[in-house]
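Student: In order, the protein sequence lines correspond to chains V and P. Residue numbering for the first sequence follows my numbering, beginning at 217 and increasing consecutively. Residue numbering for the second sequence follows my numbering, beginning at 5 and increasing consecutively.
Simulated from the structure, these hints should not be mistaken for laboratory data. Quick caveat, the model's predicted, so the values are computed rather than measured. Among the clues, some could well be false.
Quick list of simulated restraints, FRET-style, between CB atoms [claimed, not checked]: (1) V:229 x P:200: 43 to 53 Å; (2) V:320 x P:385: 20 to 30 Å; (3) P:404 x V:230: 27 to 37 Å; (4) V:347 x P:407: 56 to 66 Å; (5) P:345 x V:230: 25 to 35 Å; (6) V:312 x P:409: 49 to 59 Å; (7) V:347 x P:367: 55 to 65 Å; (8) V:316 x P:128: 52 to 62 Å.
For every residue, glycine included, the Cβ atom is placed at its ideal position computed from N, Cα and C.
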Amino acid sequence: MIIRQLSVFLENKIGMFAKIARLLGDNGINMLSFNISETQDFGIARIIVEKEEEDRALSLLKANSYAVSMTPVLLIHCNHVPGAMANILEQLSAAGVSIEYLYAFAGKDSDFSRVVIRPDNLEKANQIAQELQ
Amino acid sequence: MIWNKEMECMSREQMREVQGEKLRKIVAHAYSNSPFYKQRLDEHGVHPSDIKTIDDIVKLPFTVKQDLRDNYPFGLMAVPMSDIIRLHASSGTTGKPIVVGYTRTDLDNWSEAVARCLTAFGLGKNDLVQISYGYGLFTGGLGAHAGVQKIGATVIPTSSGNTQKQMQLMQDFGTTALACTPSYAMYMSDELQKAGITLDRLKLRVGIFGAEPWTEAMRQELQKKLGVKAYDIYGLTEISGPGVGSECECQCGTHIWEDLYYPEIIDPVTLKPVEPGQKGELVFTTLDKWGMPMLRYRTRDLTTLNYEKCDCGRTCVRMGKIMGRSDDMMIVRGVNVFPSQIESILLEFPEYEPYFLIEVDRVNNTDTFDIQVEVKPEFYTDRINELVRIRQRLTSRIQSVIGIQPNIKIVQPNTIERSTGKAKRAIDHRKFE
Chain V
217 MIIRQLSVFL
227 ENKIGMFAKI
237 ARLLGDNGIN
247 MLSFNISETQ
257 DFGIARIIVE
267 KEEEDRALSL
277 LKANSYAVSM
287 TPVLLIHCNH
297 VPGAMANILE
307 QLSAAGVSIE
317 YLYAFAGKDS
327 DFSRVVIRPD
337 NLEKANQIAQ
347 ELQ
Chain P
5 MIWNKEMECM
15 SREQMREVQG
25 EKLRKIVAHA
35 YSNSPFYKQR
45 LDEHGVHPSD
55 IKTIDDIVKL
65 PFTVKQDLRD
75 NYPFGLMAVP
85 MSDIIRLHAS
95 SGTTGKPIVV
105 GYTRTDLDNW
115 SEAVARCLTA
125 FGLGKNDLVQ
135 ISYGYGLFTG
145 GLGAHAGVQK
155 IGATVIPTSS
165 GNTQKQMQLM
175 QDFGTTALAC
185 TPSYAMYMSD
195 ELQKAGITLD
205 RLKLRVGIFG
215 AEPWTEAMRQ
225 ELQKKLGVKA
235 YDIYGLTEIS
245 GPGVGSECEC
255 QCGTHIWEDL
265 YYPEIIDPVT
275 LKPVEPGQKG
285 ELVFTTLDKW
295 GMPMLRYRTR
305 DLTTLNYEKC
315 DCGRTCVRMG
325 KIMGRSDDMM
335 IVRGVNVFPS
345 QIESILLEFP
355 EYEPYFLIEV
365 DRVNNTDTFD
375 IQVEVKPEFY
385 TDRINELVRI
395 RQRLTSRIQS
405 VIGIQPNIKI
415 VQPNTIERST
425 GKAKRAIDHR
435 KFE
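Chain V on its own, in the form it takes in the complex (with noise of 0.2 Å):
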């Protein structure tokens, strides 16, 4: 399934992200899942929020002047199972899909884990996650 992520710019300074998740708290947005990858100056936060909240996140970032992005990406579902992941990620490389960055959380209440996917390739990946799924 293919679900938009929030990219938003962070300079690397103590706090920033606390901002962040203090924004979308107060505002009654619930990260369902974020992941950092940073440089020694800056850094970038890519967050997941629920379907319907997305559009409201965006806006409020852009408004309290974060430099923020949505960007398409791949979310599976993988079982807890030893070698689940490995049978995904395989199946990925057999069709020449790169993986630029991943991340995975667990939902509130289920047996499996969600996978987050930055394909170079998001059309083929995503037809590829659904012959799996």
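The hints should help you fit chain P onto chain V, whose structure is shown.
Tutor: Okay, now just chain P, sitting in the frame of chain V:
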């Protein structure tokens, strides 16, 4: 269009005669009526009778900004205060402000100079000129104001700040010309875009931009964003204010109204005149300013002069772009750095906003050279490598132009100050005691 064809287009020989005649008079006036100048000339061993032609100007001593501070507030006036009808002052970032006083004749000459500038921009009585330079002690607002009145155009005296209202009036009144600093113009163009005000809702056609140095690349950007022809208007408080010179429709140099303000270029180290066309420090002598004459005032602005006749028909000398100020210049790791260089490099990159802040410090006996920049919102993505690549390209470009490697710090949008006056573009934290 030319406001004063006689003065703006006379032959070089005639101009030199006019200048020589005026110089004789103003030096005699300064010597007789200003104790400051009398003492200066006496110390220097020069007497007004030594001044016969304009070439004799090199015999005169220089005047510098510190002289104005030392004689604060009225020590350089050459008329009784009863003849001074206006005071202006420049905000001193260090020490006391400097104060200038004008007689009625001085104000008339100043508005004449501004009228020449505005006419050269193609403005006339059918124009509505929004003056977003600050009104007050700063010469920008009232200086431009008098010139606009003189050519019979309509003044919209908004002064600086309150950008939302400025944009509203600009639409409602159909402002045709905007007068402000280039950095404020850039800020306003961003605000217009944010507010969704497209160019077809505006009647702007001319930008009257000055009070701080700007680059050709910035002109191109302002012209595109505001739908104007953007002209440089040059001036400085000590010499009268805005309008000492301006560009013409050719946009190929800033004509100096040299029957009023005589320019020279000197080597800032040897203080000797440079060869014609060479870069150096600009020096002005006010030839027709009686309240507070300035003899060979060192502006600290670095530029060149071109005496060739312009395609517009004017013979008045053309000044090149200001290539920095000799006192704004920073020496970082032994290399001369001018903020204007950073600005013009940033404008080569579509990814960056034209705002920046240079911070220099000294850590472990080595100069640090940080430059804060903002990436335009549309260039942010989820890919960190792209930002790293954008930053690397800027780092390399600055290093190749200036010769030292900067530490580029990408900061969040809208964190670098958008000044409504003169933008603060460099901070030197080094301590040299």
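Student: Each hint should be assessed against the structure and marked as holding or not.
Tutor: Tested hints:
no.	hint	in the structure
1	V:229 x P:200: 43 to 53 Å	violated, 32 Å
2	V:320 x P:385: 20 to 30 Å	holds, 22 Å
3	P:404 x V:230: 27 to 37 Å	holds, 34 Å
4	V:347 x P:407: 56 to 66 Å	holds, 57 Å
5	P:345 x V:230: 25 to 35 Å	holds, 33 Å
6	V:312 x P:409: 49 to 59 Å	violated, 39 Å
7	V:347 x P:367: 55 to 65 Å	holds, 57 Å
8	V:316 x P:128: 52 to 62 Å	holds, 59 Å
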